[in-house]
Amino acid sequence: MATFFNTILVGISSGSIYALMSLSLVLVWRSTRVVNFAAAGQAVLSTYLGYEAMSRLHNYWLSLPIAVIAGALISALVESCVMRPLAKRSKGTAVESIAPVIATLGILGLIRGVAGLIWGNTFLQYTSPLSSKGFTIGHTTIPFSPLNAAIVIGAAIVLAIFAAIFRFTRLGLALRAASFQPEISRLSGIRVDQIRTIGWAFAGAAGALAGALVTPTAYLSPNSLDLLLVSGFVAAVIGGLESLIGAVVGGLVLGVGFAFILQYIGTQVTFSAAFIILIIVLFIRPQGIFGRGGSREA
Amino acid sequence: MKRNGPATRFLISLGIGAILLFASGHVDELRAYQGAQVAIYAIAIASIVLLTGFSGQISLGHGALMAVGGYAAVIAQIHWHLPYPLTFLIGGLAGALAGYVLGIAAARLRGPYLAGTTLALAVGLPSLANQFHILGGEQGLPFDVGTAPNWIGKEFTQYRWFFWVAVTAALAIFWLLRNLLSTRYGRRWRAVRSNPTAAALAGIDIAKAKVLAFTLSSAVAGLSGALFAMLLGLVAPLAFTLILSFTLVTGAVLAGVSNLGGSIVGALVLVAIPELSNVVATHLGGSDRVTANLPGVVTSVLLIVTVLLAPNGPKIPRRRK
Amino acid sequence: MTLIVDHLHVQHGAITAIEDLSFTIEPGELVTIIGSNGAGKTTLLRALSGLIPTASGSASWNGQSILGRRAEDLVRHGIVHVSEGKAVIPELTVAENLELGGIWRKDKADIALATSEVLELFPRLGERMKQGADTLSGGERQMLAIGRAMIARPELLLLDEPSLGLAPLIIEQIFSAIDALRERHGLTVVLVEQNAISALGIADRGIIINLGKFVTSGSSASLLSDPTLRAAYLGF
Chain A
1 MATFFNTILV GISSGSIYAL MSLSLVLVWR STRVVNFAAA GQAVLSTYLG
51 YEAMSRLHNY WLSLPIAVIA GALISALVES CVMRPLAKRS KGTAVESIAP
101 VIATLGILGL IRGVAGLIWG NTFLQYTSPL SSKGFTIGHT TIPFSPLNAA
151 IVIGAAIVLA IFAAIFRFTR LGLALRAASF QPEISRLSGI RVDQIRTIGW
201 AFAGAAGALA GALVTPTAYL SPNSLDLLLV SGFVAAVIGG LESLIGAVVG
251 GLVLGVGFAF ILQYIGTQVT FSAAFIILII VLFIRPQGIF GRGGSREA
Chain B
1 MKRNGPATRF LISLGIGAIL LFASGHVDEL RAYQGAQVAI YAIAIASIVL
51 LTGFSGQISL GHGALMAVGG YAAVIAQIHW HLPYPLTFLI GGLAGALAGY
101 VLGIAAARLR GPYLAGTTLA LAVGLPSLAN QFHILGGEQG LPFDVGTAPN
151 WIGKEFTQYR WFFWVAVTAA LAIFWLLRNL LSTRYGRRWR AVRSNPTAAA
201 LAGIDIAKAK VLAFTLSSAV AGLSGALFAM LLGLVAPLAF TLILSFTLVT
251 GAVLAGVSNL GGSIVGALVL VAIPELSNVV ATHLGGSDRV TANLPGVVTS
301 VLLIVTVLLA PNGPKIPRRR K
Chain C
1 MTLIVDHLHV QHGAITAIED LSFTIEPGEL VTIIGSNGAG KTTLLRALSG
51 LIPTASGSAS WNGQSILGRR AEDLVRHGIV HVSEGKAVIP ELTVAENLEL
101 GGIWRKDKAD IALATSEVLE LFPRLGERMK QGADTLSGGE RQMLAIGRAM
151 IARPELLLLD EPSLGLAPLI IEQIFSAIDA LRERHGLTVV LVEQNAISAL
201 GIADRGIIIN LGKFVTSGSS ASLLSDPTLR AAYLGF
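Protein sequences, first through last, are from chains A, B and C.
Residue numbers are given in our numbering: position 269 of the first sequence equals residue 269, and the series is strictly consecutive.
Residue numbers are given in our numbering: position 258 of the second sequence equals residue 258, and the series is strictly consecutive.
Residue numbers are given in our numbering: position 222 of the third sequence equals residue 222, and the series is strictly consecutive.
Hints listed in this document are in silico derivations from the structure and should not be mistaken for laboratory results.
A virtual CB, placed ideally from N, CA and C, is assigned to each residue, including glycine.
One or more of the hints may lead you astray.
Claimed, not checked - Derived CB-CB ranges, DEER-like:
id : chain 1 : residue 1 : chain 2 : residue 2 : range
1  : C       : 104       : A       : 163       : 20 to 28 Å
2  : C       : 11        : A       : 122       : 56 to 64 Å
3  : C       : 116       : A       : 218       : 29 to 37 Å
4  : A       : 245       : C       : 179       : 42 to 50 Å
5  : C       : 65        : A       : 89        : 22 to 30 Å
6  : A       : 142       : C       : 70        : 54 to 62 Å
7  : C       : 69        : B       : 280       : 45 to 53 Å
8  : C       : 64        : A       : 81        : 25 to 33 Å
Stated by the list, open to error - Now the stretches of chain A that chain B is said to cover, found in silico as 3 or more residues with beta-carbon under 8 Å:
id : stretch
9  : 30-37
10 : 123-131
11 : 225-231
Construct the entire structure; sequences and hints are all you get.
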């Protein structure tokens, strides 16, 4: 019984990270109908910048917002300099849905290469002042540490902020309107291009937070978030690419699912498990838990 | 391009092969190795061109399919002691099988969903090898195709031999694909790619066409994987990373995603970039960091620029009757 | 507050959608643009509101050129286009759709005033504020679209076939609402319609175009009383 609950705790912690990455992907999908495969790369770069801040300022809590802001800026840059012109140029052509995929792949490769050039391919340590030793309750130590708590709390705060923005502010309304009906939005005076960039900026911030929170538990290198990219995508599909709530739920479901697989089957299967879970979801309920229905057409 | 029949193409291939064989005796080992690399990449990229350029489906996981082919070939040699040409075919068949299964799933997916699924495959499949002892775990399995047969001559070095094997395979595959694409299958795929609704109305079974394209593409990828294993001398999970899958897609886009002949250009570019980057890096001081990362940066920039400036690829697919 | 269109030419790929079209609309006029399907009426509105590019010619509102500007910028100059097909966002609520009207504006008091005017005119919207816009009937959606447009405080209102697919009673309601709005706010209205009779009923003038070209224009009375025109373009 204890193992069961422990597994769930572990799952919630990792699930929060997946939820953030998945949120990043869904934000981009909702605003521009593109899956940003470079999301993990952007997150890594932001984390490197947070790492730099950390090395200079010796303050993890300061480095976090720096990483997040960096993530937002990087993402905004990518959208306005690459994705927007690309969308205009490929509109109506046969490669309209493939071109953005290729572009984001190129950006992913570029970021990795640049990160490698600047910081090298060795593993760096991004230390957090929080302990990764589990809390002790009575005589038992549960696999849930202050670090994990920070992850869950951090993710929850960000999600709450996003939810509030989307629900209660003009900006949120504009973001939603522009993602549903760009033309009507334009005719209502919404600057759709800029709104899309803001959507990407939010996505970049979410991804950066995921990176900055999770990296202290492992190491930092140009490729360190690969599994996160796949997991984020799978989580987004589970929740339904259309829904922000779905992104979060999907992340948590995946996190707990992985935790159970890890606990009861073994570490090696994790990568393959992601693939299998994805296939199962796409076959059983392609629109995800919160999706609206219809086939998985782009 | 003139309308060539299969026979003409065969003669052309023969001619090209003869020229290459002759040329290979006059270059050093490194070039022979790179030549083999180009040939193998060309085959792999051709598999992407077939899939994306002709039937409009995207795959970020062809590296994994190469792995399937490579592992199948190696296992066939180790456990069944098959001669290596047959192992290559086994690699292709294994790829086809994997592609068939994947293709059935893929036919229901489009755009980003297909991309994401194949991405998950690319990350997930090679690490399966770590699970099963028969697949050699992290160190992988060795693949030894031996040296050139005696009747060719003593001066035929190992890499020159690899080059020749790879080129023969490449010529054969390209000949097959070119012919295939001018049959009604090729036309069907093109119809499915440009306008699925119209194609369906015309009576083309879209799902079937897509699955067929995926199966074939994976067969070619599997074959290239077996050849890749030959060149490396082994198969291991680390040989088939996500980067490999991305590299293949990059090569296809650089060459013009619907252009079969462009696969060779794409392969040349892909092999040339690390080479040129090394030259640049040495001039800049030659640190490990630069040599390891500069090729990736250059390739990525090329990819982004290409897709921005010419989303359809540099060459416009020629209209065929 | 005058709309001047001069030798306007719009291409749609290889097809000439609008050819050498010129007309002037005086401030406060309600002019209806009529013509059969494919005549280029929708294209004209889309060109004027900045959604599509034009090939040549000019168009100006208030002495300022409006061609080549973006739609979202023109809204800020008082040009509001209600596109065809009940231009509401079904995924949002009625209240949120109305909010879109004032989303770019800063004067919150005026937005509130405009919103209450709209709700007075279309009480059915007021009953359904929290409902999703996808639950509205066709007529209610059209009211919502027009209401949203009014909250943007337009000076030039472009309406694309507001009567499409609606029952005659509703059409009457909507048209009289348009007329009332025009009176109250001194709007200039360009009304594109296939339902020529109803449109000419509230319009001061009508402009007939066919195959992208200007055919004729005249007061509603004169157009309605000309039998040849009626037969050829007005369908009765």
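Results for each hint:
The hinted range of 20 to 28 Å is satisfied by residue 104/C and residue 163/A, whose Cβ atoms lie roughly 24 Å apart. The given range of 56 to 64 Å is respected by residue 11/C and residue 122/A, whose C-beta atoms sit roughly 58 Å from each other. Range check, residue 116/C to residue 218/A: Cβ separation about 57 Å, and the 29 to 37 Å hint is violated. Between residue 245/A and residue 179/C the beta carbons are some 45 Å apart, a value that agrees with the proposed interval 42 to 50 Å.
Separated by about 27 Å at the C-beta atoms, residue 65/C and residue 89/A satisfy the suggested range of 22 to 30 Å. Checked against the given bound of 54 to 62 Å, the beta carbons of residue 142/A and residue 70/C, roughly 56 Å apart, stay inside it. Between residue 69/C and residue 280/B the Cβ separation comes to about 46 Å, which falls inside the hinted range of 45 to 53 Å. Roughly 31 Å separates the CB atoms of residue 64/C and residue 81/A, a value that falls within the hinted 25 to 33 Å.
Check on the stretch 30-37 of chain A: 3 of its residues sit with their Cβ under 8 Å from a Cβ of chain B, so the three-residue criterion for coverage holds. Evaluation of the coverage hint for the stretch 123-131 of chain A: breached, as 0 residues show C-beta separations to chain B shorter than 8 Å, against a requirement of three. Given as covered by chain B, the stretch 225-231 of chain A passes the check, having 4 residues with a CB less than 8 Å from a CB of that chain where 3 are the minimum.
Violated hints, listed in ascending order, are 3 and 10; each of the other numbered hints is respected by the structure.
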